[in-house]
Amino acid sequence: MATSARKQTRARTAKKTRKRGTKKARANSLPLYQQVDNIIRQRLIDNVWKPGEALPSEMQLAAELEVSQGTVRKALNDLVAENLLYRRQGLGTFVSEHTERRALFFFFKLMGKDGSRALPESKVLECEQTDPTEEEIERLKLGAGAKVVRFTRVRWFQDVPTIVETITLPQEMFPDFGIEMQPPNNLFRFYQTVYGVSVAKAEEHITAVAATPEEAKLLGIRPGHPLLQIDRVSMLLDGRPMERRISRCNTANHEYVTERGS
Numbered sequence: 001m002a003t004s005a006r007k008q009t010r011a012r013t014a015k016k017t018r019k020r021g022t023k024k025a026r027a028n029s030l031p032l033y034q035q036v037d038n039i040i041r042q043r044l045i046d047n048v049w050k051p052g053e054a055l056p057s058e059m060q061l062a063a064e065l066e067v068s069q070g071t072v073r074k075a076l077n078d079l080v081a082e083n084l085l086y087r088r089q090g091l092g093t094f095v096s097e098h099t100e101r102r103a104l105f106f107f108f109k110l111m112g113k114d115g116s117r118a119l120p121e122s123k124v125l126e127c128e129q130t131d132p133t134e135e136e137i138e139r140l141k142l143g144a145g146a147k148v149v150r151f152t153r154v155r156w157f158q159d160v161p162t163i164v165e166t167i168t169l170p171q172e173m174f175p176d177f178g179i180e181m182q183p184p185n186n187l188f189r190f191y192q193t194v195y196g197v198s199v200a201k202a203e204e205h206i207t208a209v210a211a212t213p214e215e216a217k218l219l220g221i222r223p224g225h226p227l228l229q230i231d232r233v234s235m236l237l238d239g240r241p242m243e244r245r246i247s248r249c250n251t252a253n254h255e256y257v258t259e260r261g262s
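All letters in the sequence shown, in the order written, are residues 1 to 262 by the numbering used here.
Keep in mind that the hints are not guaranteed to be accurate.
Taking CB as the label site, the calculated pair distances span [claimed, not checked]:
| id | residue 1 | residue 2 | range |
| --- | --- | --- | --- |
| 1 | 208 | 53 | 39 to 45 angstroms |
| 2 | 223 | 156 | 16 to 22 angstroms |
| 3 | 111 | 224 | 39 to 45 angstroms |
| 4 | 221 | 184 | 37 to 43 angstroms |
| 5 | 221 | 87 | 41 to 47 angstroms |
| 6 | 112 | 34 | 48 to 54 angstroms |
| 7 | 53 | 220 | 31 to 37 angstroms |
| 8 | 70 | 225 | 54 to 60 angstroms |
| 9 | 63 | 118 | 41 to 47 angstroms |
Calculated directly from the structure, the hints in this document are not laboratory data.
Small disclaimer: the values here were computed from a predicted structure and weren't measured.
Backbone N, C-alpha and C fix where the C-beta goes; we use that ideal spot for every residue, glycine too.
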């Protein structure tokens with residue numbers, strides 16, 4: 001009898017421990033909408049839904065993930081706010097594409113002093129596959145022995161050369177780029193459609209610099225003329241760096257404009 005009582009006591013104790021563990025796990029778990037957000041983000045990373053493709057309906061996602069439709073909607077709202085998804089009235093929610101308009105308004109911040117916005121045209125001056133510099137290794141988080149694709153281009157607004165850019169890409173992500181395929185004007189759309197690589201966010205460092213003699217010749221200005229330098233690293237949805245871009249801009253006719261809030 002004593003042995004039986006001890007077994008029952010141990011069983012009750014184990015049951016209580018499991019309950020406490022479950023309560024603790026629940027207390028430490030993310031909100032449901034955040035869990036749904038993470039699942040959808042991972043599917044975007046894994047290209048489960050392609051750019052421009054419609055997601056399943058909120059009702060279908062809710063049934064699959066065993067959550068309420070409101071929870072799914074809250075998660076989708078956050079992804080729409082980040083421009084990773086977009087909605088079409090009466091048609092549903094879609095994966096964002098890097099269209100000319102999106103590149104212009106979300107990733108290009110130069111605006112004419114008259115308030116005009118236009119995506120500049122570009123001409124590639126040189127493109128090569130090469131060893132990265134120490135700074136490129138650090139900014140792109142490259143591993144040992146990694147190679148990069150690096151190219152330089154000039155960008156024009158209404159036939160006026162305005163920007164000299166140097167762009168560096170991890171070669172591993174972009175095989176044959178710069179050899180069999182030359183850089184187009186809208187790079188983000190090209191990355192997405194050809195390589196399945198979608199830019200989700202970017203970090204920029206801005207400073208004032210003086211034009212080098214070579215830059216001055218390309219931009220039709222004097223050496224030493226002040227330029228705005230934008231040093232940007234663009235990242236994938238999972239945070240991996242995929243492009244380092246240094247843009248040196250003549251802002252005689254333009255200004256850098258960023259918008260915050262809704």
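Against the structure, the hints:
At roughly 43 angstroms, the beta-carbon separation of residue 208 and residue 53 lies within the given 39 to 45 angstroms, and the hint holds. For the hinted restraint 16 to 22 angstroms between residue 223 and residue 156, the CB-CB distance of approximately 20 angstroms keeps it satisfied. Roughly 25 angstroms separates the CB atoms of residue 111 and residue 224, a value that falls outside the hinted 39 to 45 angstroms. At about 27 angstroms, the beta-carbon gap between residue 221 and residue 184 misses the expected band of 37 to 43 angstroms.
Between residue 221 and residue 87 the CB atoms are about 44 angstroms apart, so this pair conforms to the stated range of 41 to 47 angstroms. The hinted range of 48 to 54 angstroms is not satisfied by residue 112 and residue 34, whose Cβ atoms lie roughly 41 angstroms apart. Taking the beta carbon of each, residue 53 and residue 220 are about 44 angstroms apart, not inside 31 to 37 angstroms as hinted. Look at residue 70 against residue 225: about 56 angstroms separates their beta carbons, and that is inside 54 to 60 angstroms.
For the hinted restraint 41 to 47 angstroms between residue 63 and residue 118, the CB-CB distance of approximately 45 angstroms keeps it satisfied.
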